[in-house]
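> So you can see what is in the structure, the chains are spelled out below.
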Amino acid sequence: GNSVTQMEGPVTLSEEAFLTINCTYTATGYPSLFWYVQYPGEGLQLLLKATKADDKGSNKGFEATYRKETTSFHLEKGSVQVSDSAVYFCALSAISSGSARQLTFGSGTQLTVLP
Amino acid sequence: SQTIHQWPATLVQPVGSPLSLECTVEGTSNPNLYWYRQAAGRGLQLLFYSVGIGQISSEVPQNLSASRPQDRQFILSSKKLLLSDSGFYLCAWSVLGTGVGYTFGSGTRLTVV
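From first to last, the protein sequence lines are chains A and B.
Under the working numbering, residue 122 is the last one in the first sequence; the count climbs by one each step, no gaps.
Under the working numbering, residue 901 is the last one in the second sequence; the count climbs by one each step, no gaps.
Excised from the complex, chain A in its bound form (with noise of 0.2 Å):
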């Protein structure tokens, strides 16, 4: 079956430091990957996405590829800030049963940043 293991955290940067939060996945075809953000008391909001290989999804100085060789999609940002404070979940989609297709989460990281 399909999932995803992610980097455990909790991870706790000072401001302006270099983030990378590894995920790895195993899936059966070509799947769909995301990176997913969780805010304090939130629901996920979708931070960026890959949909196939080689493919870099960026959003808001996120970074993240699409290693097909490697079956990864490490996040990454240059210089973090206090406001990034949060949960990052690292997610795949790929057809299921049903015609329904479904996202597989990793089990999310704890990122603080500190002033």
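Just so you know, the hints here were simulated from the structure itself, not pulled from any lab data.
Cβ coordinates follow ideal geometry from the N, Cα and C atoms, glycine included.
Be careful, since some hints might not be right.
[To be verified] Facing chain B, from chain A, some residues (calculated, C-beta under 8 Å):
(1) L53
(2) F112
(3) G113
(4) S114
[As the list claims (entries may be wrong)] Residues from chain B that keep clear of chain A, each with C-beta distances beyond 12 Å, as calculated:
(5) T816
(6) R860
(7) V900
Once you've looked at the hints, dock chain B against the given chain A.
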């Protein structure tokens, strides 16, 4: 534009009481609808999904049930809540084949006491 509404935002219920959480979607037709649960300090668990009115697929056997009485309405229910039902419940929708992922509601925090 498409929007998703989920209510209530927070709920405190005694053990053994019933539950009804509602989710509605606007601005789209025939969406796929999903209920997820996020237990404290843990990841997301898919509970139910629906591809159409009256069509419900359950991912995990449990104390909960789901119904889809209308195209854009998805309801999560329980006849008798357990302490272990506490968590953050998220509704989401997607359109098959668009590859844009899901759009999530703002969530309901349920505490069973």
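> Beyond 12 Å from every Cβ of chain A: is that where the Cβ of V900 (chain B) lies?
holds (19 Å)
> Would you check whether L53 (chain A) satisfies its interface hint, that is, whether its CB is within less than 8 Å of any CB in chain B?
holds (5 Å)
> Determine whether the non-interface label on T816 (chain B) survives the test: each CB of chain A must be over 12 Å from its CB.
holds (14 Å)
> Would the stated hint for G113 (chain A) survive a check requiring a Cβ distance to chain B of less than 8 Å?
holds (7 Å)
> Determine whether the non-interface label on R860 (chain B) survives the test: each CB of chain A must be over 12 Å from its CB.
Holds, because the least Cβ-Cβ distance between R860 (chain B) and chain A comes to about 16 Å, which exceeds 12 Å.
> With 8 Å as the cut and Cβ atoms as the points, is F112 (chain A) at the interface with chain B?
holds (4 Å)
> Holds or violated: the hint that S114 (chain A) contacts chain B, with Cβ atoms closer than 8 Å.
This interface hint holds because 4 Å falls under the 8 Å limit.
Of the hints listed earlier, there is not a single one the structure fails to meet.
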